[in-house]
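Novice: Residue-level listing of the chains:
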Amino acid sequence: MARYQCAVCGYVYDESTEGGRWDGLPDDWVCPVCATDKSQFRLDGGGQPAVAGTEPVAAERAPRANRAVMAHRVFGWVYLAIYVLLIIQMVPRLWLYQIEFPARTVVHLSLGMAIGAVLVVKILVVRFFRRLDQALVPLLGTFLVVGSVVLIGISVPSAFQEAAATRRLLNDANRQRVERLLAQIDLDAASCARLATPAALRAGQRVLRQECIYCHDLRTVLAKPRTPENWRQTVQRMADLTTVLRPIDQESQLLVTAYLIALSPDLQQSVRRSRQEQHRQSEARQAVGAAAKPSPATAYDAEAARQLFEDKCSQCHETSDVEKVTLDSEQSVRELVAAMVDEGMEATEEELSQLVRYLTDSYVKAKE
Amino acid sequence: MTPLTNAVLGVLFLVVGAAAAVVMYYLRGSTRLNGQ
Numbered sequence: 001m002a003r004y005q006c007a008v009c010g011y012v013y014d015e016s017t018e019g020g021r022w023d024g025l026p027d028d029w030v031c032p033v034c035a036t037d038k039s040q041f042r043l044d045g046g047g048q049p050a051v052a053g054t055e056p057v058a059a060e061r062a063p064r065a066n067r068a069v070m071a072h073r074v075f076g077w078v079y080l081a082i083y084v085l086l087i088i089q090m091v092p093r094l095w096l097y098q099i100e101f102p103a104r105t106v107v108h109l110s111l112g113m114a115i116g117a118v119l120v121v122k123i124l125v126v127r128f129f130r131r132l133d134q135a136l137v138p139l140l141g142t143f144l145v146v147g148s149v150v151l152i153g154i155s156v157p158s159a160f161q162e163a164a165a166t167r168r169l170l171n172d173a174n175r176q177r178v179e180r181l182l183a184q185i186d187l188d189a190a191s192c193a194r195l196a197t198p199a200a201l202r203a204g205q206r207v208l209r210q211e212c213i214y215c216h217d218l219r220t221v222l223a224k225p226r227t228p229e230n231w232r233q234t235v236q237r238m239a240d241l242t243t244v245l246r247p248i249d250q251e252s253q254l255l256v257t258a259y260l261i262a263l264s265p266d267l268q269q270s271v272r273r274s275r276q277e278q279h280r281q282s283e284a285r286q287a288v289g290a291a292a293k294p295s296p297a298t299a300y301d302a303e304a305a306r307q308l309f310e311d312k313c314s315q316c317h318e319t320s321d322v323e324k325v326t327l328d329s330e331q332s333v334r335e336l337v338a339a340m341v342d343e344g345m346e347a348t349e350e351e352l353s354q355l356v357r358y359l360t361d362s363y364v365k366a367k368e
Numbered sequence: 001m002t003p004l005t006n007a008v009l010g011v012l013f014l015v016v017g018a019a020a021a022v023v024m025y026y027l028r029g030s031t032r033l034n035g036q
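First to last, the protein sequences are chains V and B.
Following my numbering, the numbering of the first sequence begins with 1 at its first residue and continues without gaps.
Following my numbering, the numbering of the second sequence begins with 1 at its first residue and continues without gaps.
Since the hints were derived computationally from the structure, they do not count as laboratory data.
Just so it is clear, CB atoms sit at the ideal spot from N, CA and C, and this is done for glycine as well.
Hints should not be assumed to be uniformly reliable.
Here chain B is said to cover these stretches of chain V; the calculated rule only asks that three of the stretch's residues, wherever they fall, bring their Cβ under 8 Å from a Cβ of chain B [as the list claims (entries may be wrong)]:
#1 139-146
#2 155-161
#3 227-236
Looking at chain B on its own, in the form it has when it is part of the complex (with noise of 0.2 Å):
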């Protein structure tokens, strides 16, 4: 694998990654929890 190929398949980690994590919070930060 090539540097190049290395870094492109980093940066998709980074953003499938971030994204993973907006509807993580998405999910959770929009959940009534305990019933409060």
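Only chain V is shown next, with the shape it has when bound in the complex (with noise of 0.2 Å):
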């Protein structure tokens, strides 16, 4: 019984163990591991053409085609397991969606399942359909690559964004407001420190990624920044429409709370971008109307004017951020506090005519 030794990769096809002469094997029988043909074959030991008449062209190459079969055979099983470990976790989320899925979900779905079908003909054609391997195998570890890079691209460079989104989130500077916008909800200052911790505020976040999508898509959920208040009242509203199928605790009630607080910075900014142009329409108008309204039976205070300004205009951005805005004028102002207005802020007209009045004398007439 001879073994005759695989140039390219180095597999031995031994006949006492094979089950079968070398010569008896069809002429186009190949290498089961690197699916070369016969003539690459040569006698082991003897260093003799396996096939009459041919010599093995990779011979020299065998030592570094058997570090590569090794090679690829480690990345398969990596990809393998990291391919199951990623289903493991991401498939008992589907049973938590009640809404329907978004594009990106998906095409990241199909393709991460046609993934693992693909996987499983790969391996059965590998391990016990060898006469496939030349036509599916190249065919099949193509799409593999072609598909992880879909599957990735539309997925991950997210998942960087919101990470370094729930980073800036996490600052001194935010969580010091979200503490102060705390005490806003009849919390006690000992609450409010503990629930603006990075530890709590990321709790608050896996509350809003767990519970809120039970029921809806997480995008009504951060359509426009709230007030502190507002967001408590939200939270409450939704915590008893749950109390049959997946009661909300109180305490991931203010985890939630805390979290929606500190992202009202992030969602002004999102919602002043998309809104630009609706900024100039009708109801804002009406505002300005009722910012505009003199009112002579309250005098003003300037200190309360600030501090009202304070109040307000810090729940959801920095107050420095007026700074930002050209106000030239009487009108300019009454103008971006109309669009506050339109944004969510929540004032009465007598608390508007104070902050224009402030702002103005503040920005308009300190320039002139």
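Reconstruct the complex from the two isolated chains, following the hints.
Specialist: Okay, structure coming up:
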């Protein structure tokens, strides 16, 4: 019984263990490891070509090719292990959704499942159906790599962006802002401090992701910034709706409220961009009218107006943002206040008048 | 698993898959088939 070694990958065909003589193998038989044909085999030990009249052209590459085969196997198993790990933690999430999937999720899902199916077929061909190897394996391998590029390309960039945004959200200034605003919903100082820690805000983020998507798309939650009290009421209302199927406890409600307050500046920025044109429409015009009404009944108190400005405007953005806007007349101030009303700022007509007066004195007259 | 861990694993998945494909092309592309 003789042994024949593949000059490409080093695979040994041993007649005594393979159960058949080398000469009895069909002409189109290929190496089960690297799919090279019979002409690339040589008699083990003797160095003679296994097929008369041929010389293995890749003989000098045998050790390198052997390493390449091993590397391909290792990469393949690692690829499979990561795939299984990702599937195990992603598939259970599918049962949480009660809404239609966004288009990107559908593509991600379909590609993920297709990659799984192709992996199974490829493993079956390599292990049990070697005759199909040459025809199928390169195609299946190419599909896997192209599918992986698309799969990762449509999902990973947004995940990194979200991670960067979360890191921004947890900076000291924003956490101090959250702590300050939480006091407006009647929480004691200790609770405010506890809910504004990075760990608590991350916990709130988890509640938002795990609980809120149970019933609806997050885009409806994050459509516009709200005041702390407004967030608290919204969360309370949602919790009341879920008491039967999936109750949200009091602590989770507070955690998610704090997180939503922390999100408000980003939401404000996003809404500002998307509604830039709408600001000039009729609703805002009506609000300008409301803000413009003089109120002689109440005397103007500059310090009270400054405090009002701090309280109202810092709920959604830094008060210094006002300096980025061109305020060159009382009319431009009214338009700015009207835009803020349109964004969701809640204030009485009297408070709006105070704000207009304060901003006019501070940013228009001060320049004159 | 956090979304960031998920994303890092995704990138690793892609890199390993691409490396396996490169090795596959090296092996099969450098092999003379059917004695041609």
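Novice: Indicate, hint by hint, whether the structure satisfies it.
Specialist: Hints, one by one, checked against the model:
1. 139-146: holds (count 4)
2. 155-161: holds (count 4)
3. 227-236: Not satisfied, violated; 0 residues make the cut.
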